[in-house]
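Chemist: Take a look at the letters that make up each chain.
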Amino acid sequence: MSEQPMRPATPMLRQIAEHRSLLQRFMGVSKEWKGFALLLLGGLGLSNLAIAYVVIDGRLDGQWYDIRDLGNVTQHLRSWMQDEGFHPAVPYLTTALLGALGILSVVGGWLLIGSWVERRVLAKFQIRQGPNRTGPFGLFQPIADAVKLMQKEVVIPRVADKFLYYAPPVIIFIPAILGWGPVPWAGKMSFLDLNVGVLYTIAISSLGVLGVFLAGWSSNNHYSLLGAMRTVAMMVSYEIPISLALLAVVLLTGSMQLSTIVAWQANYNAWLIFLLPFAAFTFLFASTAEINRTPNDIGEAESEIVAGFYTEYSGMKAGLFMGVELGNAILVGAMMATFFLGGYTMFGLETWIPGYLILAAKIGAVYFLFVWLRGTLPRFRLDQLMGYAWKFLIPLSVVQVLLVAVEASIFARWETPALFPLAAFALLNLGLTVEMVRRWAHALGYAPEVAQQQPVMATAIGGLKAAQKMRGG
Amino acid sequence: MNSTAEPYVLNIGPQHPSTHGVFRVRVVMDGEVIRDLDMIVGYLHRSMEKLAEERTYTQNIPFTDRADYLAAMSGNLGLALGIERLAGIDVPERASYLRVIFAELQRVASHAMANGTLVSDAGAWQTPLLYMFREREKILDLFEMTCGARLTTNYMRAGGVSFEPPAEFWPALNELVAELPGRIDEYMELLADNEIFLARTRGIGIITPEDAINGSLVGPALRGSGVPWDLRKAEPYCVYDRFDFDVPVGTRGDVYDRFMCRMMETRESVRILKQAIAQIPPGPHKNDVPLALRPPVGEVYSRVEGPRGENGFYLVSDGGPAPYRFHLRAPSLINLSLLRELARGASLPDAVVTLGSIDIVVGEIDR
Amino acid sequence: MPAGPHQLLGHRVADALEAALPGAVIGRHVEWIEVRSDRVRDVLRWLHDSESFDAAQLSNLTSVDRHTHFEVVYHLQSLDLNHQIVVKAIVEDHENPLLPSVYPVYKGALLQEREVYDLMGIRFDGHPDLRRLFLWEGYPAFPLRKDFLSLGQITGKAVNPGLQRFPFEDKESPDRMLNAGNIVTGEREASAGNAGGSAGAGH
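Chains as they are written, first to last, in this note's numbering: chain A, 998 to 1470; chain B, 848 to 1214; chain C, -15 to 187.
For reference, chain A alone in the conformation it holds in the complex (with noise of 0.2 Å):
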């Protein structure tokens, strides 16, 4: 070796030695600056937690508190326009409008945020470093992303039938939206506050499938249709479990209506998570099966049939396909949330903190679980996939709903505060799920791959002979 000093050899190597983090290059200005940033940082917290505190102390008036709630904020505005003597289909229609104007901003937004969120995260999953080029920390590539699908060409194949072929990009939207009328983002704030919410949001959560078919159908391409026949196969098959589950729901909380289930939870500060879990994977995993994620996404796998039903489309057509799917999975985020995790309450938190930020977080929580499945499983098999739902999940949500029938009758008629049967229900509903899927698996001759999996290591080599010696013996 000779003596001369060690030096990345190659310029890759070189740039990433040279590489400065922003604390190191914060480190490097001068101690003037470094003083001013430091003061400015100082008085900015320091100032937002006076205002916190004196939000929080309550020494504000009631005014404010009402943006905990926007449904209180509509309402003061519908009873001061009847007060106005308004004609009463005005104050209707304006907050109506008002509600669904935030509906499409929420889910607008997130289309904007979301793809960002999954690139970045995805990529720090992948010891990538994601998109971070546009803007600050790339925060603005969505927008990039959605002007360059703009601008370009959309190509339309001859043989497609046009007038098929342009419906399902705008007909897979619209239950996209529809499915968040009965959402409870807070107390009063719910657009849609059906009492049959349930209802309503299997029948919408059907709709997709007719887009699919049509995208599948209309392109005349066969790994379209491969794609199509795949998703329709599929959604058709997990609407089951989802409906079961979701039954096995309403019997515990003896309602359809969305609200009054989340209301349920919060007032026995119990999440039917933890009271139905089997139902809540059921839940969760039919979901990811319905809107096309990872392990489910056989419907656009895209090392077998490229991008699966949406193959033939290019430009903003493509993208809305891309945008259904993420606005479908923050609306499974919000279902989930509603059903299974409490919804807008936090136990108590609520009075604290707006409701809506907390059905937020819950609903990021879910979706970050959709990109980390994403980021980290391989894809089921078309069959695999439907074996599952038919031979596992089905049958195992009719015990459940059956089981969970017994248990909502003994909870109607139980005297007593409701700790008690609810933490049995719960322990006993984790001890027979496990042991019901563990039964369930032996019957179905399912045996996990404990003998022989690894490759034996042979230190002489030799052919058919020695192959037959190594497997005899």
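Worth double-checking, as some hints may not be accurate.
Below, a list of computed lysine to any residue pairs in the SDA-like style, where the Cα atoms sit at most 20 Å apart [what the hints assert, rightly or not]:
no., chain 1, residue 1, chain 2, residue 2
1, A, LYS1121, B, TYR978
2, A, LYS1462, B, ASP1093
3, A, LYS1388, A, LEU1425
4, A, LYS1145, A, MET1313
Which chain B residues stay away from chain A? Per the calculated CB distances, all over 12 Å, these [what the hints assert, rightly or not]:
no., residue
5, HIS863
6, THR866
7, ARG893
8, ASP937
9, GLU991
10, ASN1001
11, THR1048
12, GLY1071
13, ASP1077
14, ALA1081
15, LYS1121
16, GLN1122
17, GLY1130
18, LYS1133
Now the in silico label distances, taken between C-beta atoms and shown as ranges [claimed, not checked]:
no., chain 1, residue 1, chain 2, residue 2, range
19, B, ILE887, A, GLN1381, 44 to 52 Å
20, B, GLU1036, A, SER1406, 43 to 51 Å
21, A, PHE1033, B, GLU1011, 52 to 60 Å
22, A, VAL1431, B, VAL875, 52 to 60 Å
23, A, GLY1312, B, GLU853, 30 to 38 Å
24, B, GLU1036, C, ALA3, 56 to 64 Å
25, B, GLU1026, C, HIS53, 52 to 60 Å
26, A, GLY1132, B, GLU1026, 29 to 37 Å
27, B, LEU1037, C, GLU2, 37 to 45 Å
28, B, PHE1010, A, GLY1105, 34 to 42 Å
29, B, GLU1011, A, SER1027, 40 to 48 Å
No lab work stands behind these hints: they were computed from the structure.
Glycine included, each C-beta is placed from N, C-alpha and C at the ideal position.
Chains B and C: place on chain A using the hints.
Modeler: Same frame as chain A, now just chains B and C:
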């Protein structure tokens, strides 16, 4: 199958995410099940064997980079050994050790790529692939600091290797060798017991040892079927007879076995690397060899165990400066001999995974 | 001695073959044996089945154009006994080369024989799927033949390595290959007769 669906033709490739290059198959499908398959290659055909007849032996070494571009070092080594045997050239001992080190590094890099893309084909959206690229990048950095190129290395020459590695090469190599076993454990943890991965690969694409031998399969495809055949042990070239290593052999011959064989071969490569680093003697890295060699009339079939199997080079010399005939035995192409039998009756996802487990490089198929 | 370290001597193989299949071996060399092209399948089947040679795997199949005849070279490998046997089939007919396919013995010959047919124009009788592999059906020549682009036709050696480039710098007849036919549809035009010996006899 009692399906009554009308069979249809699905054209997979030449541009498709899981064909690993410009490889095309026309598939007759019945629903999701493949009834028949016809593979169409040649989109990357450069007629290397003809071009080689107009170039000197040394000028032909870059062709081996461009044939199997994921294992350029192994190709270099095979051709260099062939030229040496044909012309009777000696190699310094240090050069032999350097060749072993670089060939094994190349094997690790290539297996990382193969396994990563296989898992990607199974649907894990690029995460294992990018993890494995991390090690591959480090190996390519080692190549770059030694010979200036990352993929098309053109490193081995008749009579030795072209450059002595720089001083910073050895600490970087030691660091890599020290961290590789932990990384392999990490991948095993992520994939070897992954229930979904097992469901997708266990019992899929089974090749019996009889078929594997008869179908001229080589490399991990052959060893995954349970045949303990490795040219590094059968015909120890360079200094492979001085190292202590084992040959991982699959037990069932399915996709998972081929995957695991590659994983464990990486471990064995690390073992070889450690021994080679400890044993490497000082000395020249290259003997003086004329650039325009004129080997005597004769022929040679030299072969090395590349990452994809037997990299063979059939050289016929007529005494001139260029080979009279230059044939490159492409393991990627010949390993596909059984593709049709494997794919018939399999479903499309299974066929994709099976193709991924055979690990083709289209540059080598088409040459 | 450029033979491989575990290569069987040609004489030993030839002697055994002479006893089993008289008349098949027409030449012996220290490294390889030469067999009649129409007997090659029998020879390989015998080597494959025999206990002492156990040529279980066809590790390589290729061909060499010797101007007057073709050699089809089989590198056979015994995995259990760890030795290599080199068999050369001499195809005398340079105009219309034909020899039996060894696919019934070795499945691994499937693509290798297609490759030899594609690039050298040697047809294999009994091959289940003998089509061109890299080039397209109707390509007017077999590129690995020595008379392709008339290189080496005069001296019988590789001419001026590195000087004559492929194929556009052929100053004398620049349209030799490009205009030999419609390369897209495979239809050959009437004026393509001047493609000369490169057209081959395969079609």
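Chemist: With reference to the structure, classify each hint as holding or not holding.
Modeler: Comparing the hints with the structure gives:
Restraint check for LYS1121 (chain A) and TYR978 (chain B): the C-alpha separation of about 11 Å stays at or below 20 Å, so the hint holds. A threshold of 20 Å between alpha carbons decides the hint, and for LYS1462 (chain A) with ASP1093 (chain B) the separation of about 18 Å falls inside it, so the pair holds. For a cut-off of 20 Å, the pair hint linking LYS1388 (chain A) to LEU1425 (chain A) is broken: about 23 Å separates their Cα positions. Taken as a hint, the LYS1145 (chain A) and MET1313 (chain A) pair is honoured in the structure, with Cα atoms around 9 Å apart against an allowance of 20 Å.
Distance check on HIS863 (chain B): its Cβ comes as close as 7 Å (rounded) to a Cβ of chain A, failing to clear the 12 Å threshold; non-interface status is violated. Residue-level check failed: THR866 (chain B) sits 10 Å from the nearest beta carbon of chain A, not beyond 12 Å. For ARG893 (chain B), the requirement that its beta carbon stay farther than 12 Å from each beta carbon of chain A is met, with the minimum near 27 Å. The Cβ of ASP937 (chain B) sits about 26 Å from the closest Cβ of chain A, beyond the 12 Å cut-off, so the non-interface label holds.
The Cβ of GLU991 (chain B) does not lie farther than 12 Å from every Cβ of chain A; its closest approach is about 5 Å, which violates its non-interface assignment. No Cβ of chain A comes within 12 Å of the Cβ of ASN1001 (chain B); the nearest lies about 17 Å off, and the non-interface call holds. The Cβ of THR1048 (chain B) sits about 9 Å from the closest Cβ of chain A, inside the 12 Å cut-off, so the non-interface label is violated. The claim that GLY1071 (chain B) lies off the interface is violated: its Cβ sits roughly 8 Å from the closest Cβ of chain A, which falls inside the 12 Å cut-off.
A Cβ of chain A approaches the Cβ of ASP1077 (chain B) within 12 Å, the least distance being about 6 Å, so the stated non-interface status is violated. Some Cβ of chain A comes within 12 Å of the Cβ of ALA1081 (chain B); the nearest lies about 5 Å off, and the non-interface call is violated. Distance check for LYS1121 (chain B) against chain A: the nearest CB is about 17 Å away, which clears 12 Å, and the non-interface claim stands. Taking the minimum C-beta to C-beta distance to chain A, about 16 Å, the non-interface status of GLN1122 (chain B) holds against the 12 Å cut.
Every CB of chain A is more than 12 Å from the CB of GLY1130 (chain B) (nearest about 15 Å), matching its label as outside the interface. The Cβ of LYS1133 (chain B) sits about 18 Å from the closest Cβ of chain A, beyond the 12 Å cut-off, so the non-interface label holds. In this structure the hint that ILE887 (chain B) and GLN1381 (chain A) lie 44 to 52 Å apart at CB is violated, the actual value being about 30 Å. A hinted range of 43 to 51 Å holds for the C-beta pair GLU1036 (chain B) and SER1406 (chain A), which are about 46 Å apart.
As the Cβ distance of PHE1033 (chain A) to GLU1011 (chain B) is approximately 54 Å, the hint placing it in 52 to 60 Å holds. For VAL1431 (chain A) paired with VAL875 (chain B), a C-beta distance near 46 Å fails the hint of 52 to 60 Å. At about 33 Å, the beta-carbon gap between GLY1312 (chain A) and GLU853 (chain B) stays in the expected band of 30 to 38 Å. The supplied range of 56 to 64 Å is met by GLU1036 (chain B) and ALA3 (chain C), whose beta-carbon atoms lie about 59 Å from each other.
Take GLU1026 (chain B) and HIS53 (chain C): their Cβ atoms lie about 57 Å apart, and the range 52 to 60 Å holds. Distance hint check for GLY1132 (chain A) and GLU1026 (chain B): the Cβ-Cβ separation is about 36 Å, which falls inside the suggested range of 29 to 37 Å. Distance hint for LEU1037 (chain B) and GLU2 (chain C): a CB-CB separation of about 59 Å, inconsistent with the stated range 37 to 45 Å. Judged by the Cβ atoms, the range 34 to 42 Å given for PHE1010 (chain B) and GLY1105 (chain A) is violated: they are separated by roughly 58 Å.
Between GLU1011 (chain B) and SER1027 (chain A) the Cβ separation comes to about 46 Å, which falls inside the hinted range of 40 to 48 Å.
Hint compliance for this structure: hints 3, 5, 6, 9, 11, 12, 13, 14, 19, 22, 27 and 28 are not met, and every other hint is.
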